[in-house]
Amino acid sequence: KAGVTQTPRYLIKTRGQQVTLSCSPISGHRSVSWYQQTPGQGLQFLFEYFSETQRNKGNFPGRFSGRQFSNSRSEMNVSTLELGDSALYLCASSLTITSGRDPGNEQFFGPGTRLTVL
Amino acid sequence: GENVEQHPSTLSVQEGDSAVIKCTYSDSASNYFPWYKQELGKGPQLIIDIRSNVGEKKDQRIAVTLNKTAKHFSLHITETQPEDSAVYFCAASMRVGYGGATNKLIFGTGTLLAVQP
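Taken in sequence, the protein lines are chains Z and B.
Number 94 in our numbering belongs to position 94 of the first sequence; there are no gaps in the numbering.
Number 82 in our numbering belongs to position 82 of the second sequence; there are no gaps in the numbering.
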């Protein structure tokens, strides 16, 4: 079974631009979560989508948004890029929702998209 | 506030020795504690997890212990091998909002483990 795939793997943008990242979950998985990983802040939760609906959101500004399609694929968009948005963006898929009452559903991470903002 | 502290940030051991990584959390209602291993160029991979109703869990050379009273949990790797070299992250579930209906994982800052052959 194929793992979680993320495209593109590397991206270079300039301040003020916007970017869209894509994530294809493991077949049969309906939940996709997004995380930002930086050396200073570590892994931080952005949001989770399940059945095309955002179910939970982290403490990030509204410039960070996402969506999920009927085939469970998800996209994340960052508008008006800032230098501080440079990070590795990871997506993780799970069979079912992970940010609900039971957080113990295993998440499978993709390799990430390395975003550099100049 | 949301906080998971992880120590040490780097750890170097000789092949065959044991390695211990410790984490503390702040939310007394946290009930799920996974550990992830991240190799260079890859995403984190779950290696073991423990729930709050269990004090210890073991899987071959890896074990995790949980002390709910002190709000800390630890990862123990015995008989370390060079392929254990990676960054290890602990995480704890944390309630979001009221009623405990939603949770999110709060991650520690990671431990770079180097196993010297």
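No wet-lab data here; the hints were simulated from the structure.
Check each hint, because a few of them may be wrong.
[What the hints assert, rightly or not] Coverage of chain B stretches by chain Z, computed from C-beta distances (three or more under 8 Å per stretch; other residues unrestricted): (1) 42-48; (2) 52-60; (3) 85-96.
[As the list claims (entries may be wrong)] Each pair of labels, with its calculated beta carbon distance range: (4) SER52/B <-> LEU95/Z: 14 to 24 Å; (5) LYS71/B <-> THR96/Z: 26 to 36 Å; (6) THR96/Z <-> GLU15/B: 35 to 45 Å; (7) THR80/Z <-> GLN60/B: 41 to 51 Å; (8) ASP17/B <-> THR14/Z: 24 to 34 Å; (9) ASN105/Z <-> GLN60/B: 18 to 28 Å; (10) THR96/Z <-> SER28/B: 35 to 45 Å; (11) GLN14/B <-> THR53/Z: 20 to 30 Å.
[As the list claims (entries may be wrong)] Below, a sample of chain B positions facing chain Z; criterion: calculated Cβ distance under 8 Å: (12) SER9; (13) VAL13; (14) TYR32; (15) LYS71; (16) THR102.
We put the beta carbon where it would ideally sit given N, CA and C, even for glycine.
If I claimed the Cβ atoms of ASP17/B and THR14/Z lie 24 to 34 Å apart, would that claim hold in this structure? At roughly 47 Å between Cβ atoms, THR14/Z and ASP17/B fall outside 24 to 34 Å, so the hint is violated.
C-beta pair THR80/Z, GLN60/B: status relative to the range 41 to 51 Å that was hinted: Since the Cβ atoms of THR80/Z and GLN60/B sit about 48 Å apart, the hinted range of 41 to 51 Å holds.
Outcome of range test on Cβ distance (GLN14/B, THR53/Z; 20 to 30 Å): Violated, at about 50 Å.
So does THR96/Z sit 35 to 45 Å from GLU15/B, Cβ to Cβ? holds, 40 Å
I want to verify a distance hint. Is the separation of the beta carbons of SER52/B and LEU95/Z within 14 to 24 Å? holds, 22 Å
Does the Cβ pair THR96/Z, SER28/B satisfy 35 to 45 Å? With a Cβ separation near 26 Å, THR96/Z and SER28/B fall outside 35 to 45 Å, so the hint is violated.
Does SER9/B hold up as a contact with chain Z if the rule is Cβ-Cβ below 8 Å? violated, 11 Å
Hint check: is the beta carbon of LYS71/B less than 8 Å from a beta carbon of chain Z? This interface hint is violated because 17 Å lies over the 8 Å limit.
Interface hint check: VAL13/B, Cβ to nearest Cβ on chain Z, cutoff 8 Å. Holds or violated? violated, 22 Å
Per-residue hint verdict: THR102/B, partner chain Z, C-beta under 8 Å: Constraint on THR102/B satisfied, holds at 5 Å.
Go check the segment 85-96 of chain B versus chain Z for me, would you? Three or more residues, Cβ under 8 Å, otherwise it fails. holds (count 4)
Let's test the interface hint: is any C-beta of chain Z closer than 8 Å to that of TYR32/B? holds, 5 Å
Checked against the numbered hints above, the structure violates hints 2, 8, 10, 11, 12, 13, 15; every other hint is satisfied.
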